[in-house]
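Listed below are the residues making up each chain.
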Amino acid sequence: MNDATLGTASKVTTRLGFLTLAVGVVFLAYALFISPPEISQADSVRLFYIHVPAAIVSLYLAFGVTAVGSAIYLWKGSQFWDLVAWASAEIGVLFCAFTLVTGMLWGRPTWGVYWTWDARLTSTAITFILFLGYLAVRRLDMPADVRSRRAAVLGIISFLNVIIVRYSVAWWRSLHQGATLNPADIQIDDSMLFSFFLGAVFESLVFAWLLIHRFRIGWLETQLESAGIDAAIEERRAEGAQ
Amino acid sequence: MVNDPLAGDQAQPHGTNVVKLAAVVSLIGRFPALAGVDLSVGPGEVVLLTGPNGAGKTTLLRVCAGLAPVNRGDASVLGFNMTRRNDRRSVRRQVGLLGHSNALYDELSVEENVTFWAKANGADLASIEPALERLGLADRLRSVPVRGLSAGQRRRTAMAILVCRRPRLWLLDEPHAGLDAEGRDLIDSLVRQAVESGATAMIASHEPDRIAALATRSVVVAGGRIANGACP
Amino acid sequence: MIRDARLIAMKDLRIEKSSRVLTTQVLPFGFIVLILFGFGVSPDRRVVGDANRSVLTEVAPGLFWIAVLFAALLAFGRSFAVESTDGSLDALRLAGIDPAGIFLGKAAAVFLQLIILEVLLGVGAVVLFNVQLAAPLLLIAVVIATTVAISATGTLYGALAAGQSARDTLVPLLVLPALSPVLLGATRATESALYGPTSDGWPVAGLVAAFALLYTAAGIVSFGLLLDET
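Residue numbers (my numbering), protein chains in the order written: chain A, 1 to 242; chain B, 1 to 232; chain C, 1 to 230.
By construction, these hints were calculated from the structure, which means they are not laboratory data.
Remember, predicted model here, so these are calculated numbers, not experimental data.
Here a beta-carbon is modelled for each residue, glycine too, at the ideal position from N, C-alpha and C.
Among the clues, some could well be false.
[Unchecked claim] Between beta-carbon pairs, the in silico distance windows are:
(1) C:Ser84 <-> B:Gly148: 50 to 60 Å
(2) A:Ser174 <-> B:His100: 53 to 63 Å
(3) B:Glu207 <-> A:Ser10: 50 to 60 Å
[What the hints assert, rightly or not] Chain C stretches covered by chain B per the calculated footprint, using a threshold of three residues with CB under 8 Å from any CB of chain B:
(4) 81-89
(5) 93-102
(6) 105-117
(7) 197-211
[Claimed, not checked] In the SDA-like style, the derived pairs of lysine to any residue whose C-alpha atoms are separated by at most 25 Å in a straight line are:
(8) A:Lys76 <-> C:Ala218
(9) B:Lys119 <-> C:Leu112
(10) C:Lys17 <-> B:Arg147
(11) A:Lys76 <-> C:Leu112
(12) A:Lys11 <-> A:Arg147
(13) C:Lys17 <-> B:Ile128
Bound-form chain A, shown alone (with noise of 0.2 Å):
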């Protein structure tokens, strides 16, 4: 192995990485100063520019990514997409956790409390417990392939979960008359929207350079290990020599 294969950064990722603080830096422009304070939440609207797309990121595209990895994995047997899989949800737990902390920071000027049982917060706690297991069987101390073919197992039934969870309570929510303020009703103007547009492109590349970090780790961590086969096999034969 030489040099350029031994980190977890190549040419693609630091471009990607200088163009995901570009649009970072433009982002946060539109979002802080460009948009104008919301009429019913002033500023606290703009935590909503972040909030929101780091919610699609992570439910959607995120867990997404991990449920087609696994099932593509399941089908072809092939570690790259097992890998993908593996990053891809880490990722998303954190996207995750992101979330709801954005949401229960909006929810304290907003509705005075952190936690509303709003529909959309609760199930995404779940969504991010659920996964939270689906990192836990990656860390089961069992033969990799088990290990791999029971996580894609979860990863794909978790996903079907994450859509179930959803809808269910946000039907659950429906029955009572709740929130008085519903965050889709808010006041939209076009930099508004624009700010949105933004913060989806910004995290969505946030995303994507972690996940190809994240994904090399996990490449080279068995890299390491079949290279390290070699050694324990040659090890294993000289136990019998002696």
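We have chain A already, so just place chains B and C on it with the hints.
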């Protein structure tokens, strides 16, 4: 009875081997339990696997049973290619493995255990009674939960299940564990009988003297390989 | 598949009959959970605006299903513990039993045990929480659909964690969030079966049944992948 480790290998022509392993590596997690095993076993042989604890005897038997992976090398058992998952599944039905554990349900009686496994294995239910008889499991023992039985009685029950299963390849891992002298002789005679009616057997034991009389050949396993010529 | 399923289910039920873990451990556990709920939600607390209705009676359906879920966790653990104590999973693999049959058999055995548990706990809940019953048919439908959903989900996740020392902690972590939609649906449908109107309950019971079928199908399809070690 041939008791020379070097004798058997070349004697078997290709294609008729019941077991043929070539440079087999089998990983348990990241640990290479088998690190390049070459071994051929012909029909009707009774191969004794000896060697110290942790040498890889158990994994070798599990590879032959289709329960441990073949990560490198080639392996064929009963004509099936053990590197393919579907073939491993087919082999599993045709071998009989007496492992470290007996696969008995503690809460069920001897009779219930043997009946369950006979049904699960698709065995002839009429063979249960003679098998229990043969293994000296008296009537009064049959209806108590196996939890209350001694290690030797449990071993006999597991052996009765194996007898009903009528495997083509017997894979016995320390079959004498927990058994008295009578029980050991019983197992030896059952294996001999099975071999006479066309089966093949591989037996792992770290007490080779007890089984040597039964074996047609003995092989030393050490460091995850066959250590030819190092036989006592 | 069905033949294998019956064999496995009969075996598991026979083990239960001999060990009586359900009646001597799981059931008392369920009862103490119900009683503790009574402590947590004081029985004297009244519904706002209606002094005749106790809060405990009002929330009884949810408490009942949570107690069932907790008790079910013990049943799942037990279902796979009997296979792992003496290496039976290997023997099942060697027997060439259809993995889908193992799934259906184990799920069916858990289902029957849970139904018995629910009937007995239900009697307890009626006594402790003072509930009435408006629609028995709806209640039966809800109980069956929910129990199929719980059994299928628990058996599937039980296999995911099988053979692991962490099984006892991992199964609840996986099962409870996955079953959260079932808990919502079962609670709502049970509320309407107890206090009406039943027209609200039937479609919900249907959704729970759909979930149950989905998980049963998932178990049948994926059990081979989960049990095949090599």
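Hint check results:
Checked against the given bound of 50 to 60 Å, the beta carbons of Ser84 of chain C and Gly148 of chain B, roughly 21 Å apart, lie outside it. At roughly 57 Å, the beta carbons of Ser174 of chain A and His100 of chain B sit within the given window of 53 to 63 Å. In this structure the hint that Glu207 of chain B and Ser10 of chain A lie 50 to 60 Å apart at CB holds, the actual value being about 58 Å. Chain B is given as covering the segment 81-89 of chain C, and this holds because 5 residues of the stretch bring a CB closer than 8 Å to a CB of that chain, at least three being needed.
Using a Cβ-Cβ cut-off of 8 Å, 5 residues of the segment 93-102 of chain C lie near chain B, which meets the minimum of three, so the contact claim holds. Against chain B, the segment 105-117 of chain C contributes 0 residues with a C-beta closer than 8 Å to a partner C-beta. That does not satisfy the three-residue criterion, and the hint is violated. Counting residues of the segment 197-211 of chain C whose C-beta lies closer than 8 Å to any C-beta of chain B gives 0; at least three are required, and the coverage claim is violated. Of the supplied pair hints, the one linking Lys76 of chain A and Ala218 of chain C holds, its CA atoms being roughly 19 Å apart against a limit of 25 Å.
Annotation: proposed proximity of Lys119 of chain B to Leu112 of chain C holds, straight-line Cα distance about 22 Å (limit 25 Å). Restraint check for Lys17 of chain C and Arg147 of chain B: the C-alpha separation of about 15 Å stays at or below 25 Å, so the hint holds. The straight-line distance between the Cα atoms of Lys76 of chain A and Leu112 of chain C is roughly 38 Å, outside the 25 Å bound, and the hint therefore fails. A hinted pair counts as satisfied when its Cα atoms are at most 25 Å apart, and Lys11 of chain A with Arg147 of chain A does not qualify at roughly 33 Å.
Only pairs whose Cα atoms come within 25 Å are accepted, and Lys17 of chain C paired with Ile128 of chain B is accepted, the gap being roughly 23 Å.
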